[in-house]
Amino acid sequence: RKEVEQDPGPFNVPEGATVAFNCTYSNSASQSFFWYRQDCRKEPKLLMSVYSSGNEDGRFTAQLNRASQYISLLIRDSKLSDSATYLCVVLTGGTSYGKLTFGQGTILTVHP
Amino acid sequence: NAGVMQNPRHLVRRRGQEARLRCSPMKGHSHVYWYRQLPEEGLKFMVYLQKENIIDESGMPKERFSAEFPKEGPSILRIQQVVRGDSAAYFCASSPPTEEGTQYFGPGTRLLVL
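Chains as they are written, first to last, in this note's numbering: chain A, 1478 to 1589; chain B, 5 to 118.
Isolated chain B (complex conformation) (with noise of 0.2 Å):
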């Protein structure tokens, strides 16, 4: 049984361009949660999403950042237009239906805006 699935790794993004990142969640999981963590800092919870729904985005930045976890396929954390504050490390995790505490990470991408 795969892990949550991440790609890519690392991403090298020039300020002004957009960075894309995947997220293939575990066998049966139905609930998607997006994590940052900037160098020397926590985690700090971005979004949380179940098929084709938002259901919290709290943590999300206004601005340039949005999220979707389509019927089909991977979800997607997309940035647009990055800046150099955008560096980090993004985690994604996922969860069974009515088990939301148990979350298992992917090994992350890390965004490197130069």
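So here's chain A without its partners, still in its complex pose (with noise of 0.2 Å):
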């Protein structure tokens, strides 16, 4: 089983469509929490952290369930600018600190 697993996609959807993005983690000792989006050939960048109480970042809000390892990113009112790979991360905690584990990664496809 793969440590961070995501909805593979790829997402198509108009703009100003709501799109939900989910992601599952199989190492209980995980600490913190992102989703990062990357767009062709970049690097990826820091979308937003994810908290247990949820939290929310202009049209995008992001929810963390410990219970059952479950995270998941919302979109609403999509742009064209949206459209990018989304990739579900987690930071794991012990001697590994400091090693980020990826998902795939989800694509998105905003079209006009």
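It is worth saying that the hints were derived from the structure and are not from the lab. Any given hint could turn out to be false.
Stretch-level coverage of chain B by chain A, calculated; a stretch enters the list once three of its residues show a Cβ under 8 Å from a Cβ in chain A [stated by the list, open to error]:
| no. | stretch |
| --- | --- |
| 1 | 46-53 |
| 2 | 56-69 |
| 3 | 103-111 |
Virtual Cβ for every residue (Gly too), placed ideally from N, Cα, C.
Reconstruct the complex from the two isolated chains, following the hints.
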């Protein structure tokens, strides 16, 4: 089983749509959680951290359920510029503190 | 404040040659991480370094790969006797001390082995 698993997608949605991505992680010792986005052939960029209480940043809302080891990202009112690959990322503690584990990514295409 | 810098951005090597990838962290960042992204795959952790110390190299292939972060100068990822399977994008990230989760990525080096 992969350490971090995501919806493979791809998702093709019209502008203005709401889209949700899901992610599960296998290591219950994981300590921190993030969503990154990666544009084609570019470096990953931090989109937002994910907290147990849930958090929102503009059109983006992230949720974490530690009991189910489940993370989600909701994008409202999609823009063309949201087209990218979204990466679910987990930071595990212990001796590997500093090691980010990435999911395979979910491709999102927003069309006019 | 310059971001994480990597060079070269593109590197072409023939099988059997050596590849040296360089990474300069952001100012004030003392932690460096290397990740590899094979074609059509996700990013995979390779190694975590602090100045003059390797903290975690659990993701490094056992042979041909080495990494260092000297007291002065950039971090170096060295691949000896490259093979075609080493062709990938190699990303470096850096973080401030005590904020290992907040990693900023460089633009990557794309290695092509012919």
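Right, here's what the structure says about each hint:
Under a criterion of three residues with beta carbons nearer than 8 Å to beta carbons of chain A, the stated coverage of the stretch 46-53 of chain B is upheld, 5 such residues being counted. Under a criterion of three residues with beta carbons nearer than 8 Å to beta carbons of chain A, the stated coverage of the stretch 56-69 of chain B is upheld, 4 such residues being counted. A count of 8 residues in the stretch 103-111 of chain B with a Cβ less than 8 Å from any Cβ of chain A is obtained; the coverage claim is therefore met, three being the minimum.
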